[in-house]
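Student: As a plain string of letters, each chain reads:
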Amino acid sequence: MIALIFSFSAVASEPSIKRQQELGNMLMHDCGSCHGLTLKGGLGPSLLPEALRNKSDEFLVNTILDGRKGTAMPPWKPFMTKQEALWIVQKLLK
Amino acid sequence: MSKLSLLLLLFCFNVHAELRATGDLGVVIERAKGSALIINTSNHKRLARIEALGDLSHASVVFSRDQRYAFVFGRDGGLTKIDLLQDKIAKRIIQAGNSIGGAISQDGKLIAVSNYTPGGVKIFSSETLQLVADIPAEYGDKQLSKVVGLVDAPNQRFVFSLFDAGEIWSVSVKNPNKPLIRKYKNIGKQPYDALLTPDGRYYIAGLFGERGLALLDLWSPEAGVKRILPDYGKNDEKMPVYKMPHLEGWAIAGDYMLVPAVGQHEVLVIDKTNWTLHKRIPVIGQPVFVMARPDGRQIWVNFAFPDNQNIQIIDAKDLNIVKLLTPGKAVLHMEFTPRGEQVWVSVRDDDQLVIYDTENFNELKRLAAEKPSGIFFSSRAHKMGL
Numbered sequence: 001m002i003a004l005i006f007s008f009s010a011v012a013s014e015p016s017i018k019r020q021q022e023l024g025n026m027l028m029h030d031c032g033s034c035h036g037l038t039l040k041g042g043l044g045p046s047l048l049p050e051a052l053r054n055k056s057d058e059f060l061v062n063t064i065l066d067g068r069k070g071t072a073m074p075p076w077k078p079f080m081t082k083q084e085a086l087w088i089v090q091k092l093l094k
Numbered sequence: 001m002s003k004l005s006l007l008l009l010l011f012c013f014n015v016h017a018e019l020r021a022t023g024d025l026g027v028v029i030e031r032a033k034g035s036a037l038i039i040n041t042s043n044h045k046r047l048a049r050i051e052a053l054g055d056l057s058h059a060s061v062v063f064s065r066d067q068r069y070a071f072v073f074g075r076d077g078g079l080t081k082i083d084l085l086q087d088k089i090a091k092r093i094i095q096a097g098n099s100i101g102g103a104i105s106q107d108g109k110l111i112a113v114s115n116y117t118p119g120g121v122k123i124f125s126s127e128t129l130q131l132v133a134d135i136p137a138e139y140g141d142k143q144l145s146k147v148v149g150l151v152d153a154p155n156q157r158f159v160f161s162l163f164d165a166g167e168i169w170s171v172s173v174k175n176p177n178k179p180l181i182r183k184y185k186n187i188g189k190q191p192y193d194a195l196l197t198p199d200g201r202y203y204i205a206g207l208f209g210e211r212g213l214a215l216l217d218l219w220s221p222e223a224g225v226k227r228i229l230p231d232y233g234k235n236d237e238k239m240p241v242y243k244m245p246h247l248e249g250w251a252i253a254g255d256y257m258l259v260p261a262v263g264q265h266e267v268l269v270i271d272k273t274n275w276t277l278h279k280r281i282p283v284i285g286q287p288v289f290v291m292a293r294p295d296g297r298q299i300w301v302n303f304a305f306p307d308n309q310n311i312q313i314i315d316a317k318d319l320n321i322v323k324l325l326t327p328g329k330a331v332l333h334m335e336f337t338p339r340g341e342q343v344w345v346s347v348r349d350d351d352q353l354v355i356y357d358t359e360n361f362n363e364l365k366r367l368a369a370e371k372p373s374g375i376f377f378s379s380r381a382h383k384m385g386l
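From first to last, the protein sequence lines stand for chains A and B.
In case it helps, my numbering puts the first sequence at residues 1 to 94.
In case it helps, my numbering puts the second sequence at residues 1 to 386.
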């Protein structure tokens, strides 16, 4: 349990500045192609903080990494690490 | 001093008096900035940038039949009428919360917009942008469906698909105040986009939620919607799709129609004479746009992330890939000049438009554009379904 909390909230070891830019670009444009450039939703649901707040970091990280069966959400695991997915989740919740 | 200002004044008048024809113009969406460039396809020039068009993360454009105005449909429900002669916004409204595309009627008098929120289609006067008809995409227990694949069709109709409901609706707007709706139910799960064949006869919706495509023959509307290619790739593992394919860029070459497969790295070749699968052409990624050069000889294909730096070109003569181009990072869209001797390609992450000669694939020119996405030439004004 402690390990879980540890890995899911305390340390998102920050990606490098360059990687942050890449991930930010991916979030805006590639996630944005379904969720909207402003992330308020499109074919995919809204990713604005109020839409995500009641979902756990773990659920969100897993959704990014593994996708959601039965929906159009694909797994992004080939393109980012768990740490990077967590960094994206924290950015979305801000 | 006053003489000088008079001279300047005269000079200005001369500049403004310069005539501009619109038949070889186009509009390029700059998705991140919420702006659009007006470009000239004959001399490869940027003429103007129109700003403040809202959220253009998914945007499309149709043209008035006089080719003077471009109507831009933005993600945020914005509908903007741009005057291509005067480089300015003629009119702009916010007509919904979240929208995906639009169409102009056969007679050019109506603009229809397909919306996600609230799910449905709204129809406006192309002259004033005043609301003429509101068609909520209601299904089931008073739910509203997202609407996709909206096209204009002969006999003053609009046809569109309901993503959540799995329906196709055909609406006659001969009397725009009293639209006549014909609904086709159970056409398949999650239609994600659709096309109208260039002859205006067949409306074909791609399905995301299951295999195959839904086909409506507008010459025999009473025959209903039938499923085509229900079994293709049934035993293949479905690969993840990082960007929804589009069907808008129909590709018809002789008796064959080429469409992107979904979850398979293939272009499907459908025999139009009997609507069966003729061939599966393996390509390097999930195809997004599969677009025929206007003469039908070549088919250009771009791809979803992470293969979106590439374009593959299929020769219609033997349905083989003849060329791979790598214009840059994140190729989003392609648009052919009216008779197809050149093609313009938008490269989002490199902030560029690249123009190619389609005969020898030589790069002719690069123009700067900020995060360009859709490219729309005014020649679309006179094509059904675009």
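A portion of the hints provided could be inaccurate.
Claimed, not checked - Covered stretches of chain A, as calculated for chain B (at least 3 residues, CB under 8 Å): (1) 27-37; (2) 58-66; (3) 83-89.
What the hints assert, rightly or not - List of simulated lysine-lysine pairs, DSS-like, C-alpha gap at most 30 Å: (4) B:K234 to A:K40; (5) B:K279 to A:K40; (6) A:K94 to B:K365; (7) B:K142 to A:K40; (8) B:K329 to A:K55; (9) B:K243 to A:K69; (10) B:K185 to A:K94; (11) B:K243 to A:K82; (12) B:K189 to A:K69; (13) B:K226 to A:K77; (14) A:K18 to B:K189; (15) A:K40 to B:K243; (16) B:K329 to A:K94; (17) A:K91 to B:K329; (18) A:K55 to B:K142; (19) B:K33 to A:K18; (20) B:K88 to A:K69; (21) B:K185 to A:K77; (22) A:K69 to B:K142; (23) B:K234 to A:K69; (24) A:K69 to B:K226; (25) B:K243 to B:K109; (26) A:K77 to B:K88; (27) A:K40 to B:K226; (28) B:K383 to A:K55; (29) B:K243 to A:K18; (30) B:K189 to A:K77; (31) A:K91 to B:K33; (32) B:K238 to A:K82.
Quick caveat, the hints were computed from the structure, so don't treat them as lab data.
For every residue, glycine included, the Cβ atom is placed at its ideal position computed from N, Cα and C.
Student: With reference to the structure, classify each hint as holding or not holding.
Tutor: We went through each hint and held it up to the structure:
1. 27-37: holds (count 8)
2. 58-66: violated (count 0)
3. 83-89: violated (count 0)
4. B:K234 to A:K40: violated, 34 Å
5. B:K279 to A:K40: violated, 39 Å
6. A:K94 to B:K365: violated, 42 Å
7. B:K142 to A:K40: Satisfied, since the Cα-Cα distance of roughly 23 Å is no more than 30 Å.
8. B:K329 to A:K55: violated, 34 Å
9. B:K243 to A:K69: holds, 16 Å
10. B:K185 to A:K94: Violated: K185 (chain B) and K94 (chain A) sit about 42 Å apart, past 30 Å.
11. B:K243 to A:K82: holds, 22 Å
12. B:K189 to A:K69: holds, 15 Å
13. B:K226 to A:K77: violated, 37 Å
14. A:K18 to B:K189: violated, 41 Å
15. A:K40 to B:K243: holds, 17 Å
16. B:K329 to A:K94: holds, 29 Å
17. A:K91 to B:K329: holds, 24 Å
18. A:K55 to B:K142: Distance ~28 Å between K55 (chain A) and K142 (chain B) Cα, so the pair holds.
19. B:K33 to A:K18: holds, 22 Å
20. B:K88 to A:K69: The given pair, whose Cα atoms are some 46 Å apart, is violated under the 30 Å limit.
21. B:K185 to A:K77: Given that 30 Å is the threshold and the Cα spacing comes to 37 Å, the pair is violated.
22. A:K69 to B:K142: holds, 26 Å
23. B:K234 to A:K69: holds, 17 Å
24. A:K69 to B:K226: With a Cα-Cα distance of about 27 Å, the restraint between K69 (chain A) and K226 (chain B) holds, given a limit of 30 Å.
25. B:K243 to B:K109: violated, 33 Å
26. A:K77 to B:K88: violated, 44 Å
27. A:K40 to B:K226: Distance ~35 Å between K40 (chain A) and K226 (chain B) Cα, so the pair is violated.
28. B:K383 to A:K55: violated, 47 Å
29. B:K243 to A:K18: holds, 24 Å
30. B:K189 to A:K77: Roughly 27 Å between the alpha carbons, so the hint for K189 (chain B) and K77 (chain A) holds.
31. A:K91 to B:K33: Since the Cα atoms of K91 (chain A) and K33 (chain B) sit roughly 21 Å apart, the hinted pair holds (cutoff 30 Å).
32. B:K238 to A:K82: holds, 24 Å
Violation of the numbered hints given earlier is confined to hints 2, 3, 4, 5, 6, 8, 10, 13, 14, 20, 21, 25, 26, 27, 28; the remaining hints are satisfied by the structure.
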